[in-house]
Structure formats: C-alpha cells, structure tokens
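Using the sequences and the hints given, assemble the complete structure.
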Amino acid sequence: METDQIRNGVSFLRRSHSEFQEKTTEWTCRMKSREIPTAALVLGVNVTDHDLTFKSLSEVLQNNITPYVALLQAKDCPGIKNLMQKLMGQLMNCYIDVDSSDEEDCVQVSQNRIRCSMASLISWYENITKKTDSETPSKKRTSSRHLQSPPVVVIFKDMESFTTKVLQDFLVISSQHIRELPLILIFGIATSPMIIHSLLPHSVSSLLCIELFQSLSCKEHLSTIIDKLLLTTQFAFKLSEKVLQVLINIFLYHDFSVQNFIKGFQLCIVEHFCSQPLSVLCCRLVEAKKRVNSLSHSQCENVRRLPSFRRYVESQVSEKQIALLTADNFLKEVIQKLLEDLHVYHENYVPVLRCLHVFTSSLPKYPLGKQIRELHCACLENRVWETEEYESSLQLARMLNKSDLVTMLQKCVEIFASSSGKEFDKVVEKLKEFLTQFQKLEVAGACQERGESVSSQKELQKKTDLYHLQKTLLELKESRRSKKLTKFEMLRFEVVDFIDNLVRNYLVPADHKTLHEIMYFNTASALREHLNAAPRIALHTALNNPYCYLKNRALKSDGGTISNKAPDICIVYKLHLECGRLINLVDWLEAFSTVVMAVEGPNAAASDQVDDIIHARFIRAVSELELLGFIKPSKQKTDHVARLTWGGC
Amino acid sequence: MPNLEHPAYPAATLLRLESLVPCRESQVSMLLSIFGERQQFTFPSIFIYGHTSSGKTYVMQTLLNTLQLPHVFVNCVEYFTSRLLLEEILIQLQNCSSETKHASHVLCDTFNDFVRMFKQAVTSQDLQDQTLYIVLDRAEQLREMEANILPAFLRLQELTDRNVTVVLLSEIVWELFRPSTGCFEPFTLYFPDYSIGHLQKILSHNHPPEYSADFYAAYINILLGVFYMVCRDLKELQHLAALNFSKYCEPVVRGEANERDTRKLWKNIEPHLKKAMQTVYLREISSSQWERLQRDDGEPGQLKGLSAHAHVELPYYSKFLLIAAYLASYNPVRTDKRFFLKHHGKIKKTNFMKKHEKTSNHLLGPKPFPLDRLLAILYSIVDNRVAPTANIFSQITSLVTLQLLSLVGHNDQLDGPRYKCTVSLDFIRAIARPQQGSIDTF
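Residue numbers (full-length UniProt numbering), protein chains in the order written: chain A, 1 to 649; chain B, 1 to 442.
For the record, the hints were derived by calculation from the structure and aren't laboratory data. Just so it is clear, the structure is predicted and the values come from calculations on it, not from any experiment. There's no promise every hint is true.
To be verified - DSS-like mimics (lysine-lysine), calculated; alpha carbons at most 25 Å apart, straight line:
# : chain 1 : residue 1 : chain 2 : residue 2
1 : B       : K319      : A       : K370
2 : B       : K235      : A       : K165
3 : B       : K319      : B       : K420
4 : B       : K319      : A       : K365
5 : A       : K75       : B       : K235
6 : A       : K165      : B       : K420
7 : A       : K370      : A       : K219
8 : B       : K367      : A       : K635
9 : A       : K632      : B       : K275
What the hints assert, rightly or not - Just a sample of chain A residues kept apart from chain B, beta carbon distances all over 10 Å, derived:
#  : residue
10 : G44
11 : N532
12 : T541
Think of the CB as a built atom: it goes at the ideal place given N, C-alpha and C, for glycine as much as any other residue.
Written as structure tokens, this is what we have:
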C-alpha cells in the first residue's frame, strides 16, 4: 500500500510535468540558434519535493529525448572546476549506462586522466555521436527514440544556491561551444524567475534563450493526493479528523512539502498497524470477512472493548447484548455485518461529500471552506449539519441563481452517476427530475413574472395621495414576502432540502460509526510528537522535570522545589532559571551546594568550605549546560557566565 | 581612410584584411607595424583592452588567420586553472603546423615545465624562424591563477629565448593587472568603442542577400535610433537586428510598400522595436518566443515575462518569519520595545516619529540581527502561540538556501547565528498583503 502512495505521487508529478516535456522536445529543434536554450522551471518553495520531480523529469528526458542528462546540485559545485568534474562524470557514466557492453576502455580513459575542460567534453561528445551513427541495426532501434544528434541536458537543481561566478563562467564557456556541443540547460528555481536576473549580469543572460515553465502549486498537488488517497474507497485505511488536521497544518504552516505529507501518511499507516491489534481487519471487505472468521477469542475480546462497539451493544436489546458479549460466533457474524455497513458508508460518503463540495465551493465567502479537504475535515469532526457554517451555507444556497444551480445539479448528477454506490439511482433520478423542472420553468416562469411586476407597477402609478401610496407599498412588501415564492423559488428550496437530506443521511461523522477504530487512525498526539518535534521544549522538560524521562519514583515529588536527588545538571539548570542575564559562578556554586547538602543535616552544612567533590560535580554540570548551549562564558566579567536562553518555551 | 600598407605581406591579402575589419583599420595597421615581418622579433607582450565587443578578439583572430601567422588562441575563462591553460597552449602548439591531429596528452603542472616543453615544441614544429603569437583572451582571469603566471607570460620571450609574443586581451585597463611585485610592462593598445556611425557601417556590412544594401542600411538606421540609447553592444545589436528584420520586411513582402518607402516602414516597425526593447532585450521573454510571437502576430501581453512571476508562495510561518526578518533588518533594536510590546508610551511614540526619518533605514540597507531577535519578533507578530519546533528552525535554514535570508559570518558559528534579510520592501508587501499586519506601520 505504501508503494502505492509513492507511485501515486510520482505519477502525479510526472503528469504535471508532461507539458514541460512536450515543450522541451519541440524546442530542441531550435538548437541551431546562437543562444543556449534554457528552461526556467519554477517549482515553488517546497524544495524537498524537487528531487522527485527532477528524477522523474530526467527519467522522461532519458527515455524520450536524450541519454545525456546531468543533474547538478549547488553543494557539489563550489567552483567551476568541480562543476565540470561533476558534469563530465555524470555524462560519461550515463553514456555507459546506455550501452555498457563494449565501451569499457572509455571508462578507463575518463577515469584516469580526465581533463576537466570543455574541449575534452566536446571530443567525448563527438566520439559518441560518431559511434551512434555507425551502429548496428539492433542499436538503431534504441537510438531512434532519441533525436539525431541528442542534446546534452544539464539540470541545475537549485539555481538559487549556485554562486554567481560559477554559473557565469559555465555559461560563458558553454556558449562558446554551443555549436559543437548542443547544450540545453534547465534551471530549477524555487522562488521566482527574477533570480536569474539577479544572479546573472546582462552580458551573461543575453547568452541564454530562457523560457519559463511554471509548475502547479504545491497546494494543488496536495489536493490531488488527498483526492486519490483519502477520498476513495480503494484503500481501507483512513485518517481521522485530528490526524488529517495535523498533517495538513504541517503542510500549510511549515513546509509545503507534498513528500513530507506522504511520509506523514506512511507513518500513520505504520503506527496504526503497530498499535491497533484489530488492524488485521483493515483491508478489503472480502478479505476482512474471511479474517473475521478466524479471529481468536482474545481478539474478540478486543473487539468487545472498543468504545464504539460498547456503545453499539448498549443500544441493543438485552438478550442480544448477552449474546454479543458471550458468544464469539454470533459476535463474528455481527462484525461482518458491521464491516459491511462501514464499507457502504464509505461508498456513500465520498460522492455525497463531493456533491456538497460542489455547492459550498461556489458560495460567497466559503463558509465551509474552499477546498474539499476542509469540508472533509468538517464532516469528520462532528455532525456537519449542526454547525453554524453549514446553516449559513444553506442560507446562501437558497439564494443561488438559476444558472448556477442548474450547472451544480448537473455536476452532482455526474458525480453520482460515476460513483459505485448502489443507493444513488434514486438520487440521480430525483436530481434529473429537478433539472427538467428547471427547464420547464424557464419557459413559463419568465413571462409570468414580468406580467406580475408590470401590474403592480401600474397600481402604484394609479394611487397618488400619500396615505394610499404608503398603504400600497406596505401591501406590496407583504405580498412580496409571501407571494414572492415563485415556482422557481419553491423548486430551489426543494433542491436545497434534498441536498440537506442527503447530507444528514450520509455524512455522519466516522466516529459515530461502530468499529470505526479498525479503519481510522486517530492518535494525533503521537503523530505530532513525531513530525513536529520541539527540541527546546523537550530539553526543558527533561531538565526541569527529570521524572518525565527517567521514571524514577524519587524524582516524582517535584512541585516548584528543587530536589537534591535529581541529576546535577537538572539542579544547575533550575538554579540558573532564577538568574538574570549574567550569572555569578560563586553564588551559583553556593546555591548548588546548599541544595545538594540539604539532606545531609546541619553538620555538613556548617562546614564553610565547599567540598571538593561537590565543586567538581558543579563544574561538570555547568560545562554540560554550556555544551547544551544554555550558557556561555562572558567577556564582561571574568567570574560570570551569560545566559543564552530566555523563557520562550 | 588609411590604407593598410606593409612591405612583408602581399597587397591583396592586406586588402582582404581591410575589408574584414571595418572601422578598425588604424588599430590593425598599428599592430602590423608592431609585428613587423614574420621573422622579426617584436614586443614580448602586447596588452589590448577595450570595452565589451569592441572587436578585440575578432580583430586579432582575423589578423592572424588572414596573414597566416603561427598562433595559439586560448580563452582564459574556459581553461580556468593554470594547468589546463598551459596544457591547452601546448596542445594547440602541437597541432599548429602539422595538420594531422594527434591527441597526445601533455602533462604540464608548472610554468617551468611549460617553458621546457614550449621550447621543445617550437623546435619540433619548426617555428624558430617566425614569430609565434600566443593570444590570451579574457586575460583578467589570469589574475586569479597563481601569482607567477601573469608575470611569466609577460616575459615569455625572455624566458624561453624564442621568437614569441604574448597578446593579452581584456576588458579592463592594465593598471588593474599590475602585480604588487612589479613586472615587465607590456605594450598597451586601446580599442575605443564603436561610434554610432561605426555601428551603422558594421551592422549594414552583412546584409541579407535578398534585399539591397540600402534597404538594410535604412533598417539598421531605425534600429539604432531605438536601441542606441540603451545598448551599444555590437553583438546584442546584431542579434536584435536579425530578430526583428522579418517584421520590417513584412509590408514589402505583402506588397503594401516598396523598399524605398522608408516612412511607411518606419511607422510599421517603430512600436514593434520599442516593444522588443522592453521584452527581448531584457530577456524577459526569450528570442524564440519572440519569433513565435512575430509569426503568429499575437500580442506580447499574453506572454508574461520573467518578472511577471515575481510572487512567491510561502508556507504560513515562513511568511511570518520573513516578515519578522525584514523588520529585524530594517528597524533599529531600540524601537523593538515600542513596536512589539503591548504597553508602550504613546506620547513617546509621536516624539520619536518626528525626530526619526523613516526612509533612511531603507537607504542604509539591511542590518544583521541575531536569531533570538528574529524569534522574539516572530512570536509577537503571529497572533496565536507558536511553538519553537524543529520545523520553524528548519524553515529559517530553508529561507537561507532560497536566498531570501542570508547568513552573516561563518557557517560553522553555531552559537548565536546572525542573519540578514535580503528581500525588498515590495516583496514583503506582497507577502504581507493576505496577512492583516501591514508593514508600513512598522
């Protein structure tokens, strides 16, 4: 299943980049020009995703256009020399990858005395193209995929991080040899294409023939992935509202990285299957039914312990309750039935959710969110029809105009028709009926309304004195309030009520369903701990409250006091929290020794001299704190240290 | 017009040479007189400088090729280390006279080796009786190689005791080359910029064969009228001329105007060229896109240039981090308390504003700030509580890699890293717009 997700991600990325490839192919034809053809690929700030993108991009390039693709990264190329080395290494190796049978001597030459200059690259290229020209027919087939003289594609993965000088030199050199070595550059840009101008002076950028390609925004990538992974019945595994919220928050607030989202999702899968013993049943329905039959007694007990199952039991009549709690076989039958229910629920949930999204996504101000993922979260959280937002969106939906309503209904019909749920035949019929009624209205309604308004206008013109005018106006208002329910409006209400009904029937939150624990992963706190780690807070708790990690009974009694049983570093840490910016070491030592000696009675405390051992312990603890970055020696006063942290955590 | 005259070379060759180097006759004749006859020794080193595309490389190349003088031509940018450079010279030397290319590998690590092997090569190639020219293009790169390279090249004649002349081509003046230890002074020669008349002459020199020279010259005249103000780079102008010529010819091809109808043609091309100046010349759109546009006769409005995509999408906290960094960079530390604390004296604020001139901060450029201050400002500008998670810290680093922030000082300084914000006010405004906080108030 996990590989499934990765494949989904890759295939998606590839799809989004297919347009680039098309353009690249057509534009390899214009290599004859003096300028170096360059593609500026704006990929967005989610740098972690770029690797995957570039990988698939270079794969596609290698399959379709040219075997010579080199990927360069800024951190490998601090100087032009390293860049050339890297470039030549990659190109020559990739050539060997293509046909590794007969070209071993070439490797040796390149490995031993590689002269990292353009000249040797050119001679290499000439050799290769000559060879491919005089190839055996069997190889002709493979090279026919590529162009006659395949261009050399150099991909700069992270344009921003390259130093100006390296890029300039490389561009100047390669532009001088563009005729001998057909080069195509691809700049991976994370921020904005302006960076090209800020990195390269005009004299260099005039050597390039830059075309801009904008990739889809990462938010769109995310919605596609959510669409494919979560809003489908294909996978039994689901995320609960809180977990999904955590993942989405990390995505939106922190990194915009689709890859991290997928990794988080994978982590959820692992956690779920590790921590939930009943996750054996989290698979396709047919298989799950089989597995139910082979459940052991203890597993049945596990099922009985599930809170949702208990709720279910409580709602049953008493004899059935007893049977459920005692007879394993009966229980298994019920489980099968319940699993089937759950499956049907999922099947119905998705189309109805999409249908509701069609409505809510076009309302002004988006009370239920613009994206389907927000709606999904809202539906999972609690009964969506009880929320205020839902109420207001229904209100707004009652004010939609006809053309919008008709297009929405058409969309809904499409959604339901394509869904696999069995119960939607009637729904589709009903929706179609609505549509035909709307069409009828179009003819009849138009003339009728006009007639009405004209007559009332006439009435208005007749009455001229003030009193009558007021009266008629009031009447008009009232009549408008009551009578304005034209056929169209009636129909509109009907439609909205119908949708409302659907929502109430099918969009029940998942945790109201029995046995939802099997499918849904909902320990959001674990996920948050893993994915959104807070090192400073962890360090603070470790030092402030050592019991939290050490689990030693003696440490537990901590209130606000400093226990002398805690590790030295904890004592020192706590003492330093009480100090200002500069800490006097002597005072600190004294405080430390009082705390440590507290237990040993008055005779020890009486001795004025601080014990050597305690002194040593203190020095060690302080240097540990320094290592952890809490304090540093200060130059202002020699016997003081400076604090580096403040109560931010 | 000074005709090239030199006793050593046949008049026909000189005439051909003259036709090839328009507007550079005086320099060429100067060079010729310096070079003297084939076997004569000349200056050990010659330094030629002039602005970009003032024909230095071209003149040297045509001169040496037309007169068939033995020479080696090396671009110092391309051979970026001294070893590569020296080896390349030796390789070219080997292939200089003998036509057959034998790709023997030369290993040459030091200049001493170079001198030795150079002597051998000259003897074996039978070049003793004529001057050998070593042309080093983009010679300013030599300064970045080992300290001995440049002085040694300057007195190569003396070191090798052979008839050799080193010609250095550069865009900067000799004064910037002179090493502190002193060296042999080369003969310097300046190539002045082409004047507008020169440009006109050179550009009209190679007109397309389908059209008459006058027609093309008129076109060049218009082109220069538009572009001369912003661009005097011959190469760039040539490129632009080639790009836009088809558009100029359009009325003639359609038969709406004949070749003499300059005014009509001017009206047709002028707005087009102006558009080109704003787009192609600045590389906002590429020349191939421009050509496509010309063919389809579309509006350039549909094609957005590079700067049109200036907006950058950032994660929520990254936006705030960047805003905080900007504030930290452009506000003095002492105002932090006033801006970011809830309780501050209102009266003080007005007094302060009068004294303080706001614009000056932006003129001074960003100042470095410590990490703590950045985080403190971040906590105060974000409405809800922010936990200092690992993600926040990694976001700071990723902003640095995106070059939106820059790290001041060394990379390995772990305690108290200092940053600078490198983005402009407009950028920050664009980012802050969706957020409620307006930057102007800070």
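Provide an ascending list of the numbers of those earlier hints which the structure does not satisfy. 5, 9, 10, 11
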